[in-house]
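Line by line, the protein sequences are chains F and R. In this text, residue positions in the first sequence follow our numbering: the first is -7, and each later residue adds one. In this text, residue positions in the second sequence follow our numbering: the first is 323, and each later residue adds one.
Be aware that one or more of the hints could be misleading.
[Claimed, not checked] So the derived list for chain R, only partly shown, Cβ under 8 Å to chain F, looks like this: (1) F491; (2) L499; (3) L507; (4) A510; (5) A868; (6) Y870; (7) R871; (8) A876; (9) L894.
It should be emphasised that the hints constitute simulated quantities derived from the structure, not laboratory data. Glycine is no exception: its CB is placed at the ideal position from the N, C-alpha and C atoms.
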Amino acid sequence: MRQLPWLTLLIFWPLLAALVLPALRGNPAACRRFALLAALGELALSLLAVCLFAGPVPDLPVIEDWEWIPTLGIRYSLSMDGLSLIFVVLTSLIGLCCTLASRHDDARRPALYYGLILASLATVQGIFLASDLFLFALFWEAQLIPVFFLIGIFGHGERMRVAFKFFLFSATGGLLMFLAVVALGILAANGPDGPTFALDTLVNLDLPVTVGRWLFAAFVLSFAIKIPLVPVHMWLPDAHTEAPTAGSLILAGLLLKTGGYALIRFGLPLFPEAAHYFAPLLTTLGIIGLFYASAVALAQEDVKRLVAYSSIGHMGLAVAAIVSGSRLALGGAVILMVSHALASGGLFALAGGIGERLGSRRFDILGGLWNKAPRFGAAFLFCILASAALPGLSGFVGEAMIVFGLFTTSSWVGGLAVAGMAVTLVYLLRLARDVLFGPARSPLPFADLDTRETALLCVLAVCMLLLGLFPGPVLALADGPLRLIAAHVWPAATPGL
Amino acid sequence: MTTLLALMLLFPLAGAIVQAALSRSLSRPASGAVAALAIAGSLAAAVAAVWNLGVAPHQLSFGQWMAFDGFSAQFSILYNRLAGLMAVTVTFVALLIHLYSAVYMREDKSFARYFCYLNLFVFFMLVIALADDLVFLFMGWEGVGFCSFALIGFWHEELPNVDAGRKAFLMTRVGDLGYVAALALVIAASGSASLSGLTAGIDTMPTATATLIGFLFLFAACGKSAQLPLSSWLPDAMAGPTPVSALIHAATMVTAGVYLLMRLEPLLSIAPDVGAAAAVIGAATALYGAACAMGQRDVKRILAYSTISQVGYMFLAAGCGDVSGAFFHLQAHAFFKSLLFMVAGIMIQAFHEEHDIFRMGARLRRAMPGLFILFACGAAALSALPLTSGYFSKGRTLADAVAHPGPAYLLAFILGIVAAFLTALYVFRLFFVAFFADPADPAKLVSEPELSRMERPLWPLAALALVYGFVNPPEFMGLKPWLDAYLAGTVTPVPPEVEHAELFVEILDAGLALAGLGLAWLLYRPALRPVAAPAGVFTTGLGLDAFYRTRIAAPYQRLSVHLWRGLDEDVLDGAASGAGAGIAGLSRFVARFGSARPSTTITTLLGAVAALLTWLALRLT
């Protein structure tokens, strides 16, 4: 059982499904059913991987390694440790949510729509599994393509402008990172191991300090754009606002997480010296991002835009935690990212529902939705509370670990992170107030969640509760890989608290 | 024991889940009955657990919550006599309030949502009462904050109610920042934060650290208990249904801050500065609340300020390190204040949602004599008329302050004494105006049989308000102080100085209460046809709320708009599109050199050759 190429299957199963979809293009219902089955299959695959490799007899990391371009030392090598596994499962889960998210956006060209969703799942799984730097860069660039078309074709409003904005922002960063990858390959080619792009080898590469810093800057710029870190976040609010619901789910749930994941997996271990050097800068930007995005979110007039800014704030906190040098905060950042994917995924799905029902998501036509649609209201409030880090829900576990970890390294940063919990609540309560409560400002009817939407939100809510109350298994998965990374990057730091 | 504690917690939680899951199919009576049964089950478990409870605390854990890299948090319980009594008090008052609510909410559509939140609240409150791990306690702490938000804004069609709930949630969250920071400090030192762990490690903790942690917890307690400077959310919290005000904003949640300080007693005992600060804050708040209550006309707002004021006395006692005294006042207050709130609820419904006491008057007394007696019991206890529960419990807190040496405690005592006089004054102002006056502009009195049905659950509270003081009478009366004796092994025993001071304080307190009663009669007796004074500084709570609104909330809102429109859209987005436009312009400029016209092409070619030759020439020379 364990010998099958599971990782390859995880990546290429959705892609394969995407390629089959055009055959069904005349029949929207069949497209939906097929995409749903494909996403369920992907989820089943990833759960199977959990059972096989992280079950009672754990066997992590799983490695698949084949030669690809031998002259350049490029290999097709995938590796899945606990950290990857968390994000792989998250990706399949969000993928399932994407196929359930909307029966409105997919009306025009269902085959293309679901094909793009599945293709983006494949590329994201690739990012989480690649352990060859060249392969990683390839997936990193490839993930832009489906999302670009998803926004450009199926978006709302000025979708082409926004899609280009998204693409140019990401491609600029990606290009620099690609150059840095090539540079690393050249530097490694002169080294003792010959030409190679293997992460495990490259982390031990002895780089001159300045070179390391420049390359780190190139990598981090690319990650920062994707995360997104203030001040290179400008693409995100626009992209979220105009993207179809599934696009928003992919953006918030997956693309942003690839940035954080890549920072942990590649950015830090490849350039430990530069990571130390730039840590104060990244911490500052992250904390500024937390407060800045929270303040800006309060003033928003569109539900999706508000949630988009909340993503920037949460991810800013995650970045500050990742570079802090505390393992506890690092683990918290992982949980926070997962939790954020679930909570903001739920909020985006519901915001998409608002747009479909009322034709607009502006606050001035909302209000009073609780009375019109109690199930919708309960789900919306639940996601808001998970975002607001109410203990018992997933957000709290991440934020608590981050705060407690940050306090061990710097009480200033820790104090600011604590204060962030208050400014976060300010805009989240405003969101609840203006959407759910008060008099209804639109005379249009507002149907409550139907079975499909209820199922989607229930899945997300159960995950948020489980992660909030029993984060143990997830933390255990993340523990080993993060321990290795932290030992490599911060060898001087004392283990444990 | 484990089973009983688990049942105590699970009953209300299960009740909440049932209400949420079956919200559509439950009928109104069934919904109320299920909710009340859940609380009754919890009360039974609480009583059974505290029955024959020894002095030794029980420590147990329902499992691990999170563990990572040396940090761990457990679902753990520290069950001792203090926690046991707190759990009984909470569930007992909650049960009566549930019974009352079943009638009170008789016309409301969303009864299932109401009882769901109410049950959930009891669950979280019990978590606060029982938790050992401070992270687990924080779950209850934030959970009650959320329930309070949801119930204040229960009638959410009207935005002012929602805003009041939002204010409560935000202000208590600001206090909670202190809690999280304190947790972080404790965890950074030892990897986990629990009450038992803190107590065990108290000998090795430096005073400076203990003081810092203590102040942070005190800040959190001030937020939850609506003490200065975080008090201004409580008066607005009255926007919620009245039983909610009775349960959450009088009897239980607002006392959670004091309860936290009681549970942290070992920490406070090595950080005397924190205790002194708590005492002074408490006494100052007691005076502030009493003075502001004088300026109100809304019966619920009077009681809200009165709650702020009475919780201040609990802070005073807790700051003096007298846990059993603080707990005594907490219980007495829970009984008489929830009684008063529920009476106020009936008064308001009797006048068809009229809150203004200056539109009530003697007709109410004549129409509902039972209600009048209930109110009189509560008022007597709140104003500390001799031999009522409030008399003994408040006297005890003042005696604590007298017995403590130091100018801070002297100041606290003086503030507390003045507040005690004002308390009697505002209570009897309310009493005479609402039940004796003959208003010029009376509200319409309605008579419904349900109103008297709501009185029934209140009689036990009225009895307790009158006689509960004899559970812990002062030493000079020669009766057995049962509560002190019961808690003797659990908390620091009462120092003898307090007992010596009690005689003096009780006499003074009785005099002040009677003087307040007399002055109130002089000022507000029906013959004078009292009218409300025009709104003044006390009506608005000394402008504290306005200060937060205009100095913090409004500037933050302006800042947020400014950041968005000014910085985010103009500068950052502008820079991005500017860069894009710049590159496009450059590309057009460059494109001009390569156009299809022969003259341009030749010019470009010659120019390039010239540049190349110049460069070569420079290189060669």
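Here is what the structure says about each hint:
1. For R:F491, the shortest C-beta to C-beta distance to chain F is roughly 6 Å, which falls under 8 Å, so the interface hint holds.
2. Nearest Cβ of chain F to the Cβ of R:L499: about 5 Å, under the 8 Å cut. The hint holds.
3. The interface hint given for R:L507 is met, as the beta carbon of that residue sits about 7 Å from the closest beta carbon of chain F, less than 8 Å.
4. Here the hint on R:A510 is kept, as its CB sits about 5 Å from the closest CB of chain F, short of 8 Å.
5. Taking 8 Å as the C-beta contact cut-off toward chain F, the hint placing R:A868 at the interface is violated, the least distance being around 19 Å.
6. At a threshold of 8 Å, the smallest CB-CB gap from R:Y870 to chain F is about 13 Å, leaving the interface hint violated.
7. The closest approach between the C-beta of R:R871 and any C-beta of chain F is roughly 14 Å, which is over the 8 Å cut-off, so the hint fails.
8. The criterion of a C-beta within 8 Å of any C-beta in chain F is not met by R:A876, whose closest approach is roughly 12 Å, and the hint is violated.
9. Satisfaction of the interface hint for R:L894 is found here, the shortest Cβ-Cβ separation to chain F being roughly 5 Å, below the 8 Å cut-off.
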